[in-house]
Amino acid sequence: MPLYDLLLRAYPRRFRATFAAGMRHAFAEERERACARGGRALAAFWIATIVETIWFGMAERRRRRPRTLSTETAASLLTVDWRDAWRASIAAPGVTAIAVLSLALGIGANTAMFAIVDGLVLKRLPVHEPERLAVLDDGEWTNPIWEQIRARQDRLFQGAFAWSNSRFDLSERGATDFADGSYASGRIFDVLGVRAALGRTFTEADDVRGGGPDGPVAVISDRFWQTRFGGAADVIGRRLTLQRVPFTIIGVLPASFFGADVGRTSDVIVPLADEAIVNGKESALDQRLAWWLNIMMRLKPGQTIDRAAAALRGEQPQIREATLPQGRNPKNLSGYLADPFALAPAATGRSPLRTRYQEPLLIMMAIVASVLLIACANIANLMLARATARRPELSLRHALGASRARLARQLLAESLILAAAGTFLGIFVAHWLSALLLRQLGTPGSVTLDLSYDARMIAFTTVTGLAATLIFGVGPALGAARLAAAEALKEQGRGATGDSRMGIRNALIVAQVALSLTLTVGAALFVRTFVSLNSFPLGFDPEPLMVAGVNTRRSPAAPQARGDLYERLREAAAAVPGVASASVSELTPVSGNAWNGFVQSGPPDLTHRQRMVWINKVSPGWFETYGMRLIAGRDFDGRDRAGAEQALVVNESFVRRFFNGENPIGREVHGDLEGPEDQRSYRLVGVVNDAVYRSARAGLNPAVYMPLAQSSAWTSSISLTVRATAGPPAQLAHAVGDALLRVEPRASFTFRPITMQIRGSLAQERLLALLSGFFGALALLLAALGLYGVTAYSVNRRRAEIGVRIALGADAAGVVRLVLRRVLLLVGVGVAAGTGLALWAGRFIGSLLYNLGPRDPISLIAAAGVLTAVGLLAGWLPARRAAHADPMRVLRDA
Amino acid sequence: MSKTDLTPKPLKPAAFHILLALGDGQSYGYAMMQAVREQSDGQIPLRTGSFYRHLANLIEAGLIAETAPPRGPVDARRGAYYGLTPRGARALAAEKQRLADLVESLGGLRRASRKGTA
Numbered sequence: 033m034p035l036y037d038l039l040l041r042a043y044p045r046r047f048r049a050t051f052a053a054g055m056r057h058a059f060a061e062e063r064e065r066a067c068a069r070g071g072r073a074l075a076a077f078w079i080a081t082i083v084e085t086i087w088f089g090m091a092e093r094r095r096r097r098p099r100t101l102s103t104e105t106a107a108s109l110l111t112v113d114w115r116d117a118w119r120a121s122i123a124a125p126g127v128t129a130i131a132v133l134s135l136a137l138g139i140g141a142n143t144a145m146f147a148i149v150d151g152l153v154l155k156r157l158p159v160h161e162p163e164r165l166a167v168l169d170d171g172e173w174t175n176p177i178w179e180q181i182r183a184r185q186d187r188l189f190q191g192a193f194a195w196s197n198s199r200f201d202l203s204e205r206g207a208t209d210f211a212d213g214s215y216a217s218g219r220i221f222d223v224l225g226v227r228a229a230l231g232r233t234f235t236e237a238d239d240v241r242g243g244g245p246d247g248p249v250a251v252i253s254d255r256f257w258q259t260r261f262g263g264a265a266d267v268i269g270r271r272l273t274l275q276r277v278p279f280t281i282i283g284v285l286p287a288s289f290f291g292a293d294v295g296r297t298s299d300v301i302v303p304l305a306d307e308a309i310v311n312g313k314e315s316a317l318d319q320r321l322a323w324w325l326n327i328m329m330r331l332k333p334g335q336t337i338d339r340a341a342a343a344l345r346g347e348q349p350q351i352r353e354a355t356l357p358q359g360r361n362p363k364n365l366s367g368y369l370a371d372p373f374a375l376a377p378a379a380t381g382r383s384p385l386r387t388r389y390q391e392p393l394l395i396m397m398a399i400v401a402s403v404l405l406i407a408c409a410n411i412a413n414l415m416l417a418r419a420t421a422r423r424p425e426l427s428l429r430h431a432l433g434a435s436r437a438r439l440a441r442q443l444l445a446e447s448l449i450l451a452a453a454g455t456f457l458g459i460f461v462a463h464w465l466s467a468l469l470l471r472q473l474g475t476p477g478s479v480t481l482d483l484s485y486d487a488r489m490i491a492f493t494t495v496t497g498l499a500a501t502l503i504f505g506v507g508p509a510l511g512a513a514r515l516a517a518a519e520a521l522k523e524q525g526r527g528a529t530g531d532s533r534m535g536i537r538n539a540l541i542v543a544q545v546a547l548s549l550t551l552t553v554g555a556a557l558f559v560r561t562f563v564s565l566n567s568f569p570l571g572f573d574p575e576p577l578m579v580a581g582v583n584t585r586r587s588p589a590a591p592q593a594r595g596d597l598y599e600r601l602r603e604a605a606a607a608v609p610g611v612a613s614a615s616v617s618e619l620t621p622v623s624g625n626a627w628n629g630f631v632q633s634g635p636p637d638l639t640h641r642q643r644m645v646w647i648n649k650v651s652p653g654w655f656e657t658y659g660m661r662l663i664a665g666r667d668f669d670g671r672d673r674a675g676a677e678q679a680l681v682v683n684e685s686f687v688r689r690f691f692n693g694e695n696p697i698g699r700e701v702h703g704d705l706e707g708p709e710d711q712r713s714y715r716l717v718g719v720v721n722d723a724v725y726r727s728a729r730a731g732l733n734p735a736v737y738m739p740l741a742q743s744s745a746w747t748s749s750i751s752l753t754v755r756a757t758a759g760p761p762a763q764l765a766h767a768v769g770d771a772l773l774r775v776e777p778r779a780s781f782t783f784r785p786i787t788m789q790i791r792g793s794l795a796q797e798r799l800l801a802l803l804s805g806f807f808g809a810l811a812l813l814l815a816a817l818g819l820y821g822v823t824a825y826s827v828n829r830r831r832a833e834i835g836v837r838i839a840l841g842a843d844a845a846g847v848v849r850l851v852l853r854r855v856l857l858l859v860g861v862g863v864a865a866g867t868g869l870a871l872w873a874g875r876f877i878g879s880l881l882y883n884l885g886p887r888d889p890i891s892l893i894a895a896a897g898v899l900t901a902v903g904l905l906a907g908w909l910p911a912r913r914a915a916h917a918d919p920m921r922v923l924r925d926a
Numbered sequence: 006m007s008k009t010d011l012t013p014k015p016l017k018p019a020a021f022h023i024l025l026a027l028g029d030g031q032s033y034g035y036a037m038m039q040a041v042r043e044q045s046d047g048q049i050p051l052r053t054g055s056f057y058r059h060l061a062n063l064i065e066a067g068l069i070a071e072t073a074p075p076r077g078p079v080d081a082r083r084g085a086y087y088g089l090t091p092r093g094a095r096a097l098a099a100e101k102q103r104l105a106d107l108v109e110s111l112g113g114l115r116r117a118s119r120k121g122t123a
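Sequence order for the protein chains is A and B.
For the first sequence, the positions run 33 to 926 when my numbering is used.
For the second sequence, the positions run 6 to 123 when my numbering is used.
Some hints here could point you the wrong way.
Computed spacing ranges between beta-carbons, pair by pair [what the hints assert, rightly or not]:
#1 186/A / 74/B: 47 to 53 Å
#2 74/B / 169/A: 54 to 60 Å
#3 391/A / 74/B: 56 to 62 Å
#4 118/A / 107/B: 44 to 50 Å
#5 107/B / 83/A: 32 to 38 Å
#6 339/A / 74/B: 35 to 41 Å
#7 30/B / 46/A: 36 to 42 Å
#8 107/B / 468/A: 31 to 37 Å
#9 156/A / 74/B: 37 to 43 Å
#10 123/A / 30/B: 34 to 40 Å
#11 107/B / 123/A: 49 to 55 Å
#12 107/B / 498/A: 28 to 34 Å
#13 74/B / 258/A: 42 to 48 Å
No lab work stands behind these hints: they were computed from the structure.
What you are looking at is a predicted structure, and each value in this text was computed from that prediction instead of being measured.
Glycine included, every Cβ here is placed at the ideal spot set by N, Cα and C.
Extracted from the complex, chain B is given alone in its bound form (with noise of 0.2 Å):
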């Protein structure tokens, strides 16, 4: 079920928040949720299994990548560490135009509206 080209297909909410916490650079499973909890202000209601559920489609899907841990003295406990491939990279910065432009075309929206009414 491998996909041969990346055309911006709109990602899962979830899916763009783990990579967007992966956003700097690369990170372990339990730091990872907290960070998309944080960046979605709880929105994205993240448990353990959900998480690690998306983890692995975006492994599979080749857009994240198991990486060697930071250096320095690092918790054993805290599993592997990941990082952004370069295809996911492109999904992120590809998803981050499209919501842009979503945003933009919203506000062209509410001006043609605002001035039709007017």
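Bound conformation, chain A alone (with noise of 0.2 Å):
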């Protein structure tokens, strides 16, 4: 309503005192219904308001007033001929084209950049008073910590709620099908205040162990309810199957809500305790160590959040001492809850989403803005081209008695229809762009984000259109009201002296170019970085590899007869036409899963984090899977059995840093690599080449392999990595899952290729280097055209010195010149302010790059070249056709 009566202001004083109440009342009610149809129709509804009742506000100004050129007051500074302006505007269709469609990708990139930054981190979760909620503050807690927790929530606070993003496998049987779902405690929608769209939500008496009076139950999305039973009426009480234990659906959740994570959408939700069905022994609910929980609270009306931490802390020992894990060494267990528990606000949800791209995005969020400034200055410098172009014009209406004020306003008017229709086009652009940026994000589909227009984004949109407008409109309007009638009117047509404006057009091309140098050694620097990374040699040979996900959680195979299983299942999928071997491994490359360890043995001067070291157990034949090679030693064989002596193999970087170098083979490593409380000895046996085993930015790391033959206990899932003879390594799926579910019907298996998991880790980067490479050259491409159009202008102004100059016996080369000289000393301007900026901005983005620094000369220098080579060509097209002209007709015309 504040906008609306914003908005208002521009009907006279009287018109508002008898109708603002029924207008408003009026706006109110249509802005609900536009609201009930949705983003698209709201937005379309403000932009229509906003200009209708500007235009009617001004129309109802100018009617009601005596028009005589006296009263031309304050009151009427917003008055004027719209019609005129509109005309100048499409009498120079080539120019209009050319700002409007510049300050459209401008806008709309800086709208699309908001967009995503608004749904990220700046709308607050779609629940009932979002300003109560707050988070447990970093990290994750164990479900016995969550059970204390739970036993107080009333006496401190409203209520709280805890819950785990996870995956579930919606297959009955074979190939993998997962959505992306959580588990939830009992009370999460009555403390987020979430209803069912349909049917019921779950509540306490649904939370607890072997399932509520309904059994299993699950909660599902409106997304997910539409997509897999086509909205069916009657999806409650049907069946559906989580890791292959059925559940019963009781409700959907409405369109709007997400779950607690921004950025991301949980399809189906489930009741916390039914984690123990569904992970049967290995489930997590009574362990101690298991840190999977997030927890929220909401605060009781007028309760601060430092108090109800504090209050929370005052119970921290009890639940300290409840919540201790057993049987594990005295030392280990000093900080275990040691730092007192604190509070964070959770307005805006959580999302591990907004921590990871934060940063880019801020940058990003710079990187368009100064685009949008060079378009600015590009559409400035045209308009000002023009201004000058229609001086007789304007100066003939001042002689006629037309004030300077007024024709600053006319010409501010046309600069406002520019913007307009910029702002109407970067809609569309910034609607195309974010969604384009989401799947940029992550995996398709992965990342969901509200990206409707809301208040905000629409104030954005229209403070950028305006502020591009005072940018870009304010030139020429003072130039046109320091207009002498007389003057100009006498110098119409002769401009053989300079222009006293090209002062101002030349800054503005010196702020282009630095602007642009600026923006295209960030993409030097980006791109360098993404190329950098995505070439690593990664140790081992990707392309023919795809990953097998085994989940064998519902085999009736017992844990000891796991190790077997893998083996059969390994066999199965070697033997399969197509590949040319399979192995087995706890972790495969890249995956995003981790384990490490800590090497006692070696120079006794290595600090604690130099002795960690990276570890994943392998099967025999693994390192030939994966095109390793052997570079000392043996690898895994059948001699390596439980039982018998410890195994290991290592890679260089461990030989280099444990060993100095020398010859390992045989000898003894000692290390806690099972966990810290398991010292063991190891006897060397092999030594690998190095290989990537977390990222490509990570680098090169000491690792150990260990056989998994030896293993102590075995997991239920295992990843079986296949090579392929020939081709794309995907199209091994079907017949592998065939073969494999031959051997064990009731396993799961996921499929992927392992160079998208190496795609996947690569995602920032390659945002960074697409985006930053786009704009850049869209920067530089502005820049050239605003170069151009200055010289091409100053050459027109100058062609009578020019004709007299070729008359008198110039040649063309020293035309040229001429002009180029000009032309370099701008840019050569240009360049070094830029590079001063660059070296700036170089501070904030350095912790993004790899392997070079931000202020890398060789990025500065090529991009300083780039831009001058672009420039002299947007100077010498204009120049060399003033070189060829013919003296007489240029003289003749002038």
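Reassemble the complex: the two chains are provided individually, in unrelated frames, and hints are given to aid placement.
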């Protein structure tokens, strides 16, 4: 409403006094209606309302006032002849089109980035009174801790709940079919104030071990309901298989609700206690060292977050005492729950995505803002040129009685029309661009954000559009205000001398070049970072590899027998035609999962951190499947059984760090590789080449490989890697899946080419390289356009002088040199300023680069070179035209 | 710019519909907008700004005047209530008559043309 009140000021005061109340009411009702029809209708409504209110308000002012020049007062500041401004805009379609297009791109890019920042960082959770929500800060918690807090929730807060994100396999047999979901404690919907759109949500009565009165129940998202069940009305009561366990659907959540994590939609939410049914003996519910739950609470009315935290801290000793892990070395437990509990405001929810992308997003905001500035500088230049060309017309108007203020307003109105058109188009650009960006943030479908237009978005777009108008519209308007009638008329057509306004135009060009250089340097840095990470030698051969995630949780095989089962699965996969080899490992490289331990052998002066090594357990033949080289010793084989001496294969980095590069085969290694309580000795049997373990950015680090067959405990999930003989490995998924199912029909499988994992690990770098590259190129193009325009204009104004020079015997090359000298001066000043700007801006992007300083001289020099070349080309074209002009004709026309 | 006589000059469609919305008695702004939308089947696309512009014109022409709100509880947010002036009622009746005559004469035309072709 405040925005509408502001808009109403466009009307004369008397009109407002009579009608404002009714108009406000009608506006409110109409907005409700638009709101009910969704985000797009609301955006259209706002745009129409803004345009219409200003339009009619202005018309009302003009109509109710006798039209004489003397009454042009401050009150009529906004009164202009819009039709006139419109005619002027379409009189120069080329200029208008370029201006509108570059504005649309600039404003669109800014709006798109803001939409993502808004959705990810600023928007509040779509729940009841989100400002009263808080999270138990920093990390995740165990279920025993949660149960202690749960028992105290009514005393300490208004209510609390715990949740953990998970992926559920929906398939009843065979290949997996995953959905994003979560476990949540019984009061989640009660605490958040979310009601089911259909059926009911679950409550504490459902969150009991073994299932509530209706057995295991599930609540599904609106999206899931639409895509999986076609929005069927009878979905309530239907069966849903999660991890091969039947659940009953009891409710559908409202479309606006996505869960407590921003950027991710939980399609299936089940009570926390049902985790025991899904995971059976491996349930985390009673584990005191499984940190997997997020805890959120709603504060009591009037309760501050500090008071709530203090109350919780008051109970911390009892909570600690009741949940202390059993049978552990007390020395290792001193840190257990030692830090005082802290609460953080959670009105905007929690978002790992936000944490990961906050910095890149802010940098991208800065990039697109710079592009908009460059576009504005460009348009300002165009408008100045046009205002100069229109001087005779403007002087005539002035001579006929139009005040300077009125002429200035007229030019400003033309800018406003451009800005409005650019903003309008920009909204479409933004819509398309933000959807594109969102796809780049994660694997398809995994990232969901609410990007609909809200008041903040509308305000942002409007303010951006208006700010742009001010930036590029004020210059020409001021120019018009300085107009002296007689002088301008006199000057008409004859322009052998310079133009005072070239000063502003040159300054604008310098600013454009400087900003473009900064963006080009940024683009060069981000692209080089991505390229060097993307081409980083991984140490293994990812192209022919496909990873099958095998889950045998539902298999009747006893945990001790799982080793045999995995070996039979491996043999079945290896026998499939087209498979060169197959092997099993606990982890796969670049998968996001990692496991580390500490080595006690080696030089005594190593720090604790330097003693850390990455660990994987692999089957014989794993190195061969991955295309890794055995440098010394042997691969694992049948000798490395349970009960035999513990064998170890290490990589070259390991040998360098712990054995100073000496031959380590046969040597003994001490360390706690299987957990902090488990010191053992291992016999080193082989050395393989270095390979990337976590990500290219993390680089090559000491790693050890242990034989899978010597595992003391077999987990229910394992990775089976298949190497294809030829062609893309994904085509093997079907045949391999069939072969695996013949061995164990109750196991479930996920297939993923390893190249996809690698691609995913570089998502952030790819996004930055892509966007900075695109906008850097756009900035370059805009700067070139600007430079071309200014040079063409100044050459045109000097055509009489150039004609005289040619007539007096100057050759073409001399004329080109004359023009280019000026261009070079402008570019040179711009590059110098831009270099300073780039050096300063570099400090913000250092942490996102790889193997490059933010002040990397090669990138700087290359960018400066490209800019100078582009600038010279943009200047050369008009220079050549001038040099080849016929002096006779030029002099006759001038 | 007051007009002294009211020769049945055709009213703008929007103005006619607004007068028509007050034909059954007084009403307030938003209800009138809704009524116009319904009567015209959405043919007259009035938005808040354009509606109030027409309303201001009609008040200035003396066809509509602000009236006291109806008795009983009234939502103050709705703004003022309006009704037809005697002159407005006459203008509405005249416009209705004009349109009826127009339809009549169109009917005559159609009959004549049919006779012609027969």
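Do the hints match the structure? See the list:
Take residue 186/A and residue 74/B: their Cβ atoms lie about 50 Å apart, and the range 47 to 53 Å holds. As the Cβ distance of residue 74/B to residue 169/A is approximately 56 Å, the hint placing it in 54 to 60 Å holds. Under the hint 56 to 62 Å, the C-beta atoms of residue 391/A and residue 74/B, about 58 Å apart, fit the expected range. Between residue 118/A and residue 107/B the beta carbons are some 36 Å apart, a value that contradicts the proposed interval 44 to 50 Å.
In this structure, residue 107/B and residue 83/A meet the distance hint of 32 to 38 Å, their C-beta atoms being roughly 35 Å apart. At roughly 49 Å, the beta carbons of residue 339/A and residue 74/B sit outside the given window of 35 to 41 Å. Remark: the range hint 36 to 42 Å for residue 30/B to residue 46/A is contradicted by a beta-carbon distance near 27 Å. For the pair residue 107/B and residue 468/A, the supplied restraint of 31 to 37 Å is violated, since their beta-carbon distance comes to about 55 Å.
A hinted range of 37 to 43 Å for the beta carbons of residue 156/A and residue 74/B is consistent with their spacing of about 39 Å. At roughly 52 Å, the beta carbons of residue 123/A and residue 30/B sit outside the given window of 34 to 40 Å. Taken as a hint, the range 49 to 55 Å is violated for the pair residue 107/B and residue 123/A, whose Cβ atoms sit roughly 42 Å apart. Range check, residue 107/B to residue 498/A: about 48 Å between beta-carbon atoms, so the 28 to 34 Å window is missed.
Judged by the Cβ atoms, the range 42 to 48 Å given for residue 74/B and residue 258/A holds: they are separated by roughly 47 Å.
In the structure shown, a violation is registered for the earlier hints numbered 4, 6, 7, 8, 10, 11, 12, in ascending order.
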